[in-house]
Each structure stands twice: as structure tokens, then as C-alpha cells.
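Asks: Residue-level listing of the chains:
2 protein chains.
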Amino acid sequence: MIRFFNGKVLSMNGSMDITDGEVWTDGDRISYVGPAKQERPVFDREIDLKGDLIMPGFKNAHAHSAMTFVRSFADDLPLQRWLFDKIFPLEARLTPDDVYDLTRLAILEYLAGGITSAFDMYYKREAFAQASLDCGYRMVLCGALSAGDDWSVGDSDCEKFNSMGPLISYIPGIHAEYTASTDLLAYMKGLIGRTGKPFYAHNSETRSEVAECIERHGLTPTALFEEFGLFENGGGGFHCVHMTEADLEIFSRRGLWVVNCPGSNAKLASGVAPITEMQSLGINLALGTDGPASNNALNMFREMYLAIVLQKLQFRDAAVGDAAEVLRMACSGGAGAMGLEADCLAPGRLADLVVIDLDQPNMYPVHNTVKNLVYSGSNTNVRLTMVGGKVLYENGEFFVGDKPEEIYRRAQISADRLTKD
Amino acid sequence: MIRFFNGKVLSMNGSMDITDGEVWTDGDRISYVGPAKQERPVFDREIDLKGDLIMPGFKNAHAHSAMTFVRSFADDLPLQRWLFDKIFPLEARLTPDDVYDLTRLAILEYLAGGITSAFDMYYKREAFAQASLDCGYRMVLCGALSAGDDWSVGDSDCEKFNSMGPLISYIPGIHAEYTASTDLLAYMKGLIGRTGKPFYAHNSETRSEVAECIERHGLTPTALFEEFGLFENGGGGFHCVHMTEADLEIFSRRGLWVVNCPGSNAKLASGVAPITEMQSLGINLALGTDGPASNNALNMFREMYLAIVLQKLQFRDAAVGDAAEVLRMACSGGAGAMGLEADCLAPGRLADLVVIDLDQPNMYPVHNTVKNLVYSGSNTNVRLTMVGGKVLYENGEFFVGDKPEEIYRRAQISADRLTKD
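Taken in sequence, the protein lines are chains W and G.
Heads up, the first sequence stops at 421 in this note's numbering, and the numbers go up one at a time, no gaps.
Heads up, the second sequence stops at 421 in this note's numbering, and the numbers go up one at a time, no gaps.
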């Protein structure tokens, strides 16, 4: 049991107001949020917040974490060429050990940036899950099946990764329409029917992806997935940059999640997703970095800033956007998309939280702390990151088993072997 | 005399290559850059870089530093309304003490982000200069005269602020065409003639600014300044978002500097300056944050990322942009625009430099450190900031006279008094 006291609390439980108060944890859950109390249990540790802010951790709702190996390796190429000529051939060489070490590198970056879980699509899922478990980190795996894989593993994967305890979970999905077959889509329909789970995929990231899908099927990716009945249990899409009004209507009606990835969409010149319009339609929104090859950081402060300023730029209106809504997307929204009870600080919710150091120059003056976080916050403000009731990062130190130097060393060896002939 | 050893050196002296080596300082200048030597002088301090990177500091080539007081106070408004309805009325209340304290707050943020000097346009210039001197910080003042001021102070300001020692200098300028009169422009012509100095102004930040200038004068701001002979000694413009081909020709022919401010231009929905085209025309480029009211951070890592990804997004081409050129803009470019001998690490240059911590997750793997800096770097990577041979920031600690807590407290008092009725 841990007590955080003498701080400011942004619980995100309903309002985005900040109040003075305390947060207590018990095991991997939050046990109390509110004003200081005279009577309290005996704690294992009491952490004096010294006026700093405690709030739900960031959720990186779209990632390919182990792609750390291609960070700064294949930049400045168009998406399709980048993916098919550069990335896919290198990925074919990945071993489970590579994915283990490269995922741990990403987890260090997540923790240093206050990110308490990621919604990850990648290969070598056992090694990925093991890396998360060994670090004490929370990950939601997205199926990411494609026509080229043995996609019949969808059922067994769903069972296996949903039986690994509270840190690991699995949601069915395909990589994208353009790497799927109608057989795979039919299989997915069966899988979501058998498991009762939602469905996710890369969706409408580029203009050409949508145009080619229409050419193949006479339907946009969203309409195709809907026609196959894949959204019966909810779910959503990653990117959703080039959506039609009919696509948005499907997302709105079914309560689907759009995972906005503004950094990746800008760097790959894919465009700007119309999240302001999506918000006005009541569509659920979360925020993701995408993989480190296309971003290249795993940094939700940067992503929040991009999410809001790219709306202003795209729609030529400086008044567009609401910082509090963007912060909510980044924390509570991700939890909703990922099916995690970590959307707010409240008794019974997962103790996945972050302490923000407010005593830094970019947080002054204090007119509006939520705007300070979105418009001028940075990873320097992350003082502590807790996942499942355990402190995994505090004041620049990591508590994930191996020392960071060892994780860097091993990730570098993998990256070198994979990228050099 | 200080010795930095056992590190990697990105001197920016000609190439953007990184080599193993040492950097020595003597007083406020660099005395040696190169491989380790057996024979060396006695140093006051020897700093083991432990493999970290030493490079020229970032130069924030456009700022209104003391506008920290309106950070997160008046966001999400169009530029002209923001400026005339919100900002100007509050600025009328500023006292010299306010500017002193609010500038020191900005200096803390600069130091924490590896920014070794700023090119600043603001009021109460004595108080601003005193804040810089008291912190040991380097600032270049830009005149920022406007028709509403007593602009006859241009001559005496130029003399006064260029006689304050090596940390302070002054370059003539006006706020912008839309706050100038033809009398003021004629005075500026005289001033640059008498002083031999270059000329700067806010230039073509918004479409309406350009349209209204054409309506008033039949010329764009750049063409008007050229017609008045203001660029005889060089200079440049801040923003330069909406430039005609003829404007770019003037900038190219006269060797003027464009100071790109991508964060501010995005947040105020002003647009994206065509820096890729400018580069291809050989126009000199520097990078700035603009003031903390319109950005809202003073963070050159974020600005570098925006500078390059907004080009890709705007021109729908992921292949556009060169990370090394953007890093050069942010460090050497600023020095060129600001007239500082701080463009590279070389004997005789100012010892304005930064040590980058490479042992953090966002700097791994090491495929290309320059790309890592631009695409995934952040203020967390700033280990040490040196201005004029003095360490002003190291491992999270500031060495600027007063403790940061005292500077935060005083800045908050000013911000509260200025913004609350």
C-alpha cells in the first residue's frame, strides 16, 4: 500500500478539475482518492508530492514498440515505399530475442514519459509479452493478423494472452485491409463472435489505402469491415485520417474508437485526421505515437501538442481544439480504447498513474495547469510512473529488473545485426 | 578554463559529422576542439562527458521572453484578436520589475532546454538586459520599435545595449509593418545607415498582414522594407510564412535571414513557411519559438521536430526535409541571424555550448545521432548548458544567482497582478 500526499489531484473522474488531495493504492488498484484523512492504514511507503500533480498515466493507444530497432534508420520516405521496401524486409529477420530486447527499450521510453501502457501490434508476441511481464509493464496486444501469416492462431492467441494475468491482454485485429484477404476477414468475424471481443485495424491512414480498397471492394476500409460484421462488439481504427462522412457515421453509431496518431501522420505526410469533427460527432478518441520508426519518439507530450495544433493549422482556425479534451484522450481515452480500468483515479481502478513535477520553468506561471501540460509540458515533467501499484520510474531511475545500460546494450546489438548486412 | 573530455563532438564546423574528442574553454571562448592531447594546461574543472555529446547551444532566434506571464492565459484565439484584444492591453501594465522577473523565468526554461541565447523583441529593455546580465545569460535585443512608441530612442538604445559587454547586444528593428508608419521606416533607414547594423521585423506572418500591407502601400512587407532601403546592411524577418517569389528573391539576393517559427505559426493557425523552397534558393534559415503566449513552450527540440514534419505534411511528401539542416538552423543558423560568434565549436568562438545525454531510451539505438536529436530528442537529453564559458545548468540544477523557486515565486506574483483585475 502506497500513499501519495500533499499534492494536487487531476483524477479525470468526470471533470478535469484539479483539487488538493491524496491518492492511496492497495495492490495493483487505487483504494482512495480525496482529501487528507486523519485515520488511515499503515502504508508500505508514503510519497510526499510536495505540491506536484498526480493523474492517470498516459496510454499509448497505437504502437509497434519493438520497432525501436529502425528509429532514425529509414526516415524521409513515402509510407508505402518505407513499409514495403525498408521495414518489411528487415522485420522478416526479427528473432524472439530481438523483440524481447527492443520492447524493453521502448518500455524504458514509455516509463520516462509517463506512459503506463501501450496498445501494441507486432510480431513474436510471446517474446513481447514476456518483456512486458519481466518489466512489470502493462501491454494490450492487438492481433495484427495479415493474409501472409498463419492467421488461424487468432483464437489460441486470444486465449493465451488473455490468461497471462492483469498486465497482459489481447484484442483481435488485423494489420490492415491492404494486407488482408476476404478469407481472413471472414475468419475475424468468427473470432469476434466466439470471443465477444472488439476489433481493431490500421484504417484509412493514407489516401491511396482508401482508394485501393474502394477499387478492390467498392467500399472504404470502414464500410468493408462493417459489411463483414467486424464491429459487432465495438473496437475501432488506428489513424483514421481519410474518412468519409459514412465512415464517421459508422464510428459514431457503433461507439468505435479513433486512435489519432498525429506525429506519425505528419512525418509520413499522410495528412491530419479530422478529430475536431469527430469530437463534434461524439466519436470516442484516443491518442497514439505509432512505432518509433515513423514518429520517431514515444512521447505523449509531443503527441498531445501535435493533436491540438495540427487541428488549428489544418482548419486555419486558432480557436479550434480544447486542451482538456486532448489530455483526456491521452489518458482516459486510451484506457477506453484498450479496455483497461485505468481511465481515472478512483477506488477500484488500476493504479496506473503518473506524478508530474510542476516545479519546472515550463509549468510557470500557473494560470491553467491543464493547458500548461498540453501546450508546454514535456517528458522533463515526469517525476514518477507507477504501473499496477508498482513504481517503475522515479526521478530518472528505472525499476524494471535489468539496469537501463544493459537494456540499451542489448537493443543496440539487435538493431545492428538486423540493419547491417 | 574548463576541459570536456571522453565525449563525442558535433562541432558543426563545416560538416555535421560527429567525432570522438575534447573541447576546452578559456574565459568566455573556446580554446581547443579535437582529439585528446597528452600536453595540456591546468584546468579549473575537467568534465568527463562519459560518451555524451557536446555541441553548440541552441539559439532561439525569435522570442518575446517576458511573455511568460501570459502562458496558458489567452490560448485558442485568432492572431489579430489575440494580439489586440488580449495581449496588448495586458502588456500596457508591465513594469520593469515584471519584465525582470518574467525574463528570468524564461532564461531558466532556455537553460533547461540547451538554449544558450535568444533574439528577443520586447519592452522595458533595461530590465530585460539586467535580468540577462544577472543570470550570466546571453541575449540579443531586437529594436521592435512601433509607431506608437517614442521611436527616437532607436539610436540611443543601439549605443547603450551594444556597450553592455559581451552578453548583451542590440540589432535595430521594428515590431512589424502593421504597427509602423512611413516616418518610422524613414527613421529606421537613417538608423541603419548611421550604425551599419542589419534590420529585422515580424514579416508576413499572416495572410491578412500581407494583404493589408499591399492595400496600404501597394507592396508586400518585404518589398516595402526593400524600397525604404532597410536591408542595405542585411538582416531578415521573423515568421515569413506568406512570402511571394519576389520576396524570396530579395531575401536570397541580400543574404537575409528567415527565422522560422513553426510552433507559433501552427498554434495561431498562421500557416507553414515554405522553408524547403527557401533552402533550395539558398536563403539563410534560423529557428525560433516566438513568445510563450503563442507556442507555449520555449523548447527547440519541439521546434526542430515541427520545422521538419510540417514541411512533409504541407507538401504531402514524406521525403522532404533534412534533419541535419534543421539541427544546423537551430544552432548555427541562429548565431548567424543574431550576429554571434557561436555558430560552431572552434577555437576563438564563444563558449556557448550544450552537453546532450545520449544514455536515455530516446537516443537508442544509435543509427544516426543527428536524426535521433531532431526526430526523437527532448529537453530530457540536456545534461549541461554553458554560456560564455560558465556552466549555468547541469543535471537539473541552475546556477543563475537566485534559486529557481524564488524566480518562480516572483514570476507568479507578476503574472497574477498583470492578468487579474
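Treat the hints with caution; some may be incorrect.
No copy labels: a pair is met if it fits in one copy or bridges any two.
With a cut-off of at most 27 Å between alpha-carbon atoms, the simulated BS3-like pairs for lysine-lysine come out as follows [unchecked claim]:
id, residue 1, residue 2
1, LYS37, LYS86
2, LYS37, LYS124
3, LYS390, LYS37
4, LYS420, LYS86
5, LYS8, LYS420
6, LYS390, LYS189
7, LYS160, LYS86
8, LYS124, LYS50
9, LYS420, LYS124
10, LYS420, LYS160
11, LYS86, LYS50
12, LYS160, LYS124
13, LYS124, LYS86
Hints in this document: simulated from the structure, not taken from any laboratory.
Asks: Each of the hints needs a verdict: does it hold here or not?
Replies: The hints, checked one at a time:
1. LYS37 with LYS86: neither (58 Å within a copy, 42 Å between copies)
2. LYS37 with LYS124: neither (48 Å within a copy, 49 Å between copies)
3. LYS390 with LYS37: Intra 23 Å, inter 48 Å, cutoff 27 Å: intra-copy only.
4. LYS420 with LYS86: Cα proximity of LYS420 and LYS86: one copy only (13 Å, versus 56 Å across).
5. LYS8 with LYS420: between (49 Å within a copy, 23 Å between copies)
6. LYS390 with LYS189: neither (38 Å within a copy, 65 Å between copies)
7. LYS160 with LYS86: neither (31 Å within a copy, 58 Å between copies)
8. LYS124 with LYS50: Neither: 43 Å inside a copy, 35 Å across copies.
9. LYS420 with LYS124: Intra 21 Å, inter 57 Å, cutoff 27 Å: intra-copy only.
10. LYS420 with LYS160: Neither: 34 Å inside a chain and 58 Å across chains, both beyond 27 Å.
11. LYS86 with LYS50: neither (48 Å within a copy, 33 Å between copies)
12. LYS160 with LYS124: So LYS160 and LYS124 pass the 27 Å test inside one copy only (13 Å; across, 67 Å).
13. LYS124 with LYS86: Within one copy only: 19 Å inside, 55 Å across.
When each numbered hint is compared with the structure, violations occur for hints 1, 2, 6, 7, 8, 10, 11.
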